[in-house]
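*Asks:* Sequence:
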Amino acid sequence: MNLKRGEVLEVTEGIEVEVLEVSRRDRKMMDEEQGNNNSKSNNISWPLGNPLHQSTPFGMPSSSSSPIPSMSPPMPQIALLGSSRFIWWPSAHQYRVFYRRDLLFFAGFIQFIGTWIFAIASITAVPGVISFENILIVDLSNLGPATLGGVFFLIAAMCQILNAQEHWYAPRPTTLDWQIGLWNAIGSLGFTLAGALPYIGTTNATLQATIADFWGSWAFLIGSLLQLYSSLGNYC
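Mapping of the sequence shown onto my numbering: position 185 corresponds to residue 185, and the numbering continues sequentially without gaps.
Zero decoy hints are in this set.
Okay, the calculated beta carbon distance ranges per label pair: (1) 93 x 199: 36 to 46 Å; (2) 106 x 225: 19 to 29 Å; (3) 225 x 165: 19 to 29 Å.
Quick caveat, the hints were computed from the structure, so don't treat them as lab data.
All values reported here derive from a predicted model rather than from experimental measurement.
Beta carbons: idealized from backbone N, C-alpha and C, even for Gly.
Turn these sequences into a full structure, and let the hints guide you.
*Replies:* So, in structure tokens, the structure goes:
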């Protein structure tokens with residue numbers, strides 16, 4: 001939700017970087033809220049003027065032979081916690097206009113729900129909270145929430161992967177966002193198996209569940225580090 005709400009860096013080769021206060025998405029959001037129906041071209045801000053029409057110090061257009069600096073695409077920043085651009089929850093208008101079809105928004109929302117469900121399993125796994133001799137209580141308060149929470153995590157990770165792809169059938173393993181979704185999906189699968197396999201009731205199934213919990217945790221750690229690198233990349 002806050003992925004593209006931060007400042008935008010627009011870089012011109014050979015010219016210092018200028019930081020814009022709002023992103024294109026936020027600029028459009030403000031225009032929608034104010035009822036501004038200007039054309040899209042009016043919403044684009046060039047930090048150093050239009051590169052296709054540079055002017056001389058006397059206000060006269062420069063000749064066509066003068067070099068035109070090349071502009072790189074704007075780099076969207078993440079709105080950091082505590083900044084003026086950070087929001088906890090979108091308004092009804094923001095959700096209707098921007099987030100209703102945003103896969104990343106739904107990925108975060110599904111992950112949020114799965115976290116609360118999985119937290120039940122984490123709490124009941126603490127010795128003394130429940131009686132592990134009562135199979136029904138263990139199934140309902142520990143294994144069930146662990147399995148369901150893992151399924152929610154897996155759905156959220158698949159949304160991340162699909163958002164990183166141009167087409168649902170065309171993987172993009174060379175992109176960072178796709179790798180983040182992949183490692184989160186592997187971790188989610190491990191957590192799901194950790195809760196589901198003990199239902200079999202055999203010693204080997206319980207062992208495999210413990211191993212799945214182990215490699216699932218490592219996969220989540222890798223995905224988290226990659227996501228941290230992606231988040232900090234635009235601020236380095």
